[in-house]
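J.: Fit chain V to the given chain R structure using the hints.
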Amino acid sequence: MSGEREVTEEGEAVVAAVAAVAERIEAEREHLTDLDSAIGDADHGGNMARGWAKAADAASDLEDPDPETVAKTVGKTLMSEVGGASGPLFGGSLVFAAAELDGGITAETAVAFAETYLEKVQDRGDARIGDATMVDALTPAVHTFKKSIEVDDLPPLEALAKAVDAAGRGVAFTVPVRARKGRASYLGWRSVGHQDPGATSTLFILEEVLAVSADRLDREVPDADATSPTIPDDAEAEEGR
Amino acid sequence: MTVGLVVVSHSERAAEGIVEIAAEMAGETRIEAVGGDGQGGIGTVPDDIGEALAAVAGEAAGGAEADEPPADGVVVLVDLGSAVMNAEVAIELSDVDAVIADAPVLEGAVNAAVAATDPSATLESVREQAEAAAEISKV
Numbered sequence: 470m471s472g473e474r475e476v477t478e479e480g481e482a483v484v485a486a487v488a489a490v491a492e493r494i495e496a497e498r499e500h501l502t503d504l505d506s507a508i509g510d511a512d513h514g515g516n517m518a519r520g521w522a523k524a525a526d527a528a529s530d531l532e533d534p535d536p537e538t539v540a541k542t543v544g545k546t547l548m549s550e551v552g553g554a555s556g557p558l559f560g561g562s563l564v565f566a567a568a569e570l571d572g573g574i575t576a577e578t579a580v581a582f583a584e585t586y587l588e589k590v591q592d593r594g595d596a597r598i599g600d601a602t603m604v605d606a607l608t609p610a611v612h613t614f615k616k617s618i619e620v621d622d623l624p625p626l627e628a629l630a631k632a633v634d635a636a637g638r639g640v641a642f643t644v645p646v647r648a649r650k651g652r653a654s655y656l657g658w659r660s661v662g663h664q665d666p667g668a669t670s671t672l673f674i675l676e677e678v679l680a681v682s683a684d685r686l687d688r689e690v691p692d693a694d695a696t697s698p699t700i701p702d703d704a705e706a707e708e709g710r
Numbered sequence: 002m003t004v005g006l007v008v009v010s011h012s013e014r015a016a017e018g019i020v021e022i023a024a025e026m027a028g029e030t031r032i033e034a035v036g037g038d039g040q041g042g043i044g045t046v047p048d049d050i051g052e053a054l055a056a057v058a059g060e061a062a063g064g065a066e067a068d069e070p071p072a073d074g075v076v077v078l079v080d081l082g083s084a085v086m087n088a089e090v091a092i093e094l095s096d097v098d099a100v101i102a103d104a105p106v107l108e109g110a111v112n113a114a115v116a117a118t119d120p121s122a123t124l125e126s127v128r129e130q131a132e133a134a135a136e137i138s139k140v
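Line order of the protein sequences matches chains R and V.
Per my numbering, the first sequence runs over residues 470 to 710.
Per my numbering, the second sequence runs over residues 2 to 140.
Because the hints were derived from the structure by calculation, they are not lab data.
Treat the hints with care, as some may be off.
[Stated by the list, open to error] From the structure, some residues in chain R lie toward chain V, with a derived Cβ separation under 7 angstroms:
hint	residue
1	M548
2	S549
3	G552
4	G553
5	A554
6	P557
7	G561
8	R593
[As the list claims (entries may be wrong)] Partial list, derived from the structure: chain V residues whose beta carbon lies under 8 angstroms from chain R:
hint	residue
9	M2
10	D38
11	G39
12	G44
13	P47
14	S83
Note that CB positions come from ideal geometry on N, CA and C, so glycine has one too.
Chain R with its partners taken away, still in its complex shape (with noise of 0.2 angstroms):
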C-alpha cells in the first residue's frame, strides 16, 4: 500500500505522461491527419492534438494529484474536447478504467487498469482485433504487459517496453487488413494497405508513458521485443552460455 506521499508522487508522474503525449500528439498532427484523410475525415491529428493539450491543462491544475484523479480528468477532458468517435473511444474509456488506479499505481493495478481500458474499447467500438482499429494496437499491448507481468515475471519498465512493441507490431498489422469498422470501412478494399490512425495515435500515447515511466525511474528505455519471451539482454546471455 502506497502512502499518501507516492500516490501525489505516481500522480505527478502521471500529469507529466499527459503532457508529453499531448506534446507529442502535437508534433504528430499533421501525419495523423495525413493518416486519417486518407480512409476517414482528416480530422484525427486536429482532434486528438486539441484534446490532449486541454487534458494536458486540466491534469497540471490539479492540486495533490493522485493516479487516479488525473486519470478520471483527462478521460473527462477527451470525452467532451475530442469530437467523433475518439472522445468516447480514448476519453470514456479512460475515466471507467480510471478507478482501477485507486490507491496508486503498482504492477497489479497497472495490469488491470489495462485490462479495463481494452474491455470498454472493444465493448464501445464493437471491433475486434483484424478490423484495422486502434484495438489492433491496444489488444497485444495489454496481452503482452499482462503476461510479461504476470507470467515472464518481467520488472514494470521491461513489461511495458514489450508491450509498446506489441502495440507498434499491431500498428503495422493495420496496414494489409481490411477496415471493417468506423468510417474507414466504408472504403470496403480500397482501405487495405493504409495505416489506421487510432491504432497510430494509441501507439504514440503508450511511446510517451514509457518514455516518461523510464524517465521517473531514472532508467532509460529498455529494448524490447514483444516476439522474445523474455527480454532480449537476457536472451543474449543465454545465447553466450
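T.: Below, chain V without anything else, positioned relative to chain R:
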C-alpha cells in the same frame, strides 16, 4: 411507469426540430433535445447527454421547471456513429435508468412519444415501439 425521451443528434438544431415534431404526439411526456459539440459545431458530448437524462428524470439542479412529471426511465434516440457511443458513455455514468433505442431518430422519436403516453408504458414497451419505426415504409 413514467417514461421520458432524450433525442441526441450531431446537430443541436436537428435534435430540437425532431423534439418539436415528436412533442406534438407526446402529451405529458418529457422530451429533451441534445446535440452539437458544445462549441457551436457538429458533434455530441457525453456530459451534455448526461444533463439531458437528468433533466428528463427530474434530477437536474434548477432544471425542473417543466409541468410534465419526471420520468422513472428514459428512452434515448440517437442519430449516427459517435452519438451512439457518447450516449452509451453518458448512460453508464448516469444514475438514470435509460436505454438506447436502435431506431431511426425522427420516426423512432415520434413512435416513442406516442408509446410513452400509454398509461401502462414501460421502458421496454417504449423502446420496442421506437425500434418498430425501422420498418416504416414510405413509398
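J.: Run every hint past the structure and note whether it holds.
T.: Now for the hints, and whether the structure bears them out:
Look at R:M548: its Cβ gets to within about 5 angstroms of chain V, closer than 7 angstroms, so that hint holds up. Interface restraint check: R:S549 against chain V, minimum CB-CB distance 5 angstroms, threshold 7 angstroms, status holds. Given the 7 angstroms rule on beta carbons, the hint for R:G552 holds: about 4 angstroms separates it from the nearest Cβ of chain V. Annotation: interface hint on R:G553 holds; nearest CB of chain V at approximately 5 angstroms, less than 7 angstroms.
This hint holds: R:A554 has a C-beta 4 angstroms from the nearest C-beta of chain V, less than the 7 angstroms allowed. The interface hint given for R:P557 is met, as the beta carbon of that residue sits about 4 angstroms from the closest beta carbon of chain V, less than 7 angstroms. Among the interface hints, the one on R:G561 holds; its C-beta lies about 4 angstroms from the nearest C-beta in chain V, closer than the 7 angstroms criterion. For R:R593, the interface hint holds, the least distance from its beta-carbon to any beta-carbon of chain V being 5 angstroms, beneath 7 angstroms.
For V:M2, the suggested interface contact is broken, since its CB lies about 27 angstroms from the closest CB of chain R, more than 8 angstroms. Look at V:D38: its Cβ gets to within about 6 angstroms of chain R, closer than 8 angstroms, so that hint holds up. At its closest, the beta carbon of V:G39 sits 7 angstroms from a beta carbon of chain R; the interface hint therefore holds under the 8 angstroms criterion. The closest approach between the C-beta of V:G44 and any C-beta of chain R is roughly 4 angstroms, which is under the 8 angstroms cut-off, so the hint is satisfied.
Against a cut-off of 8 angstroms between C-beta atoms, the interface hint on V:P47 holds, since the closest Cβ of chain R lies about 5 angstroms away. Interface restraint check: V:S83 against chain R, minimum CB-CB distance 4 angstroms, threshold 8 angstroms, status holds.
Hint 9 from the earlier list is the only one contradicted by this structure; the remaining hints agree with it.
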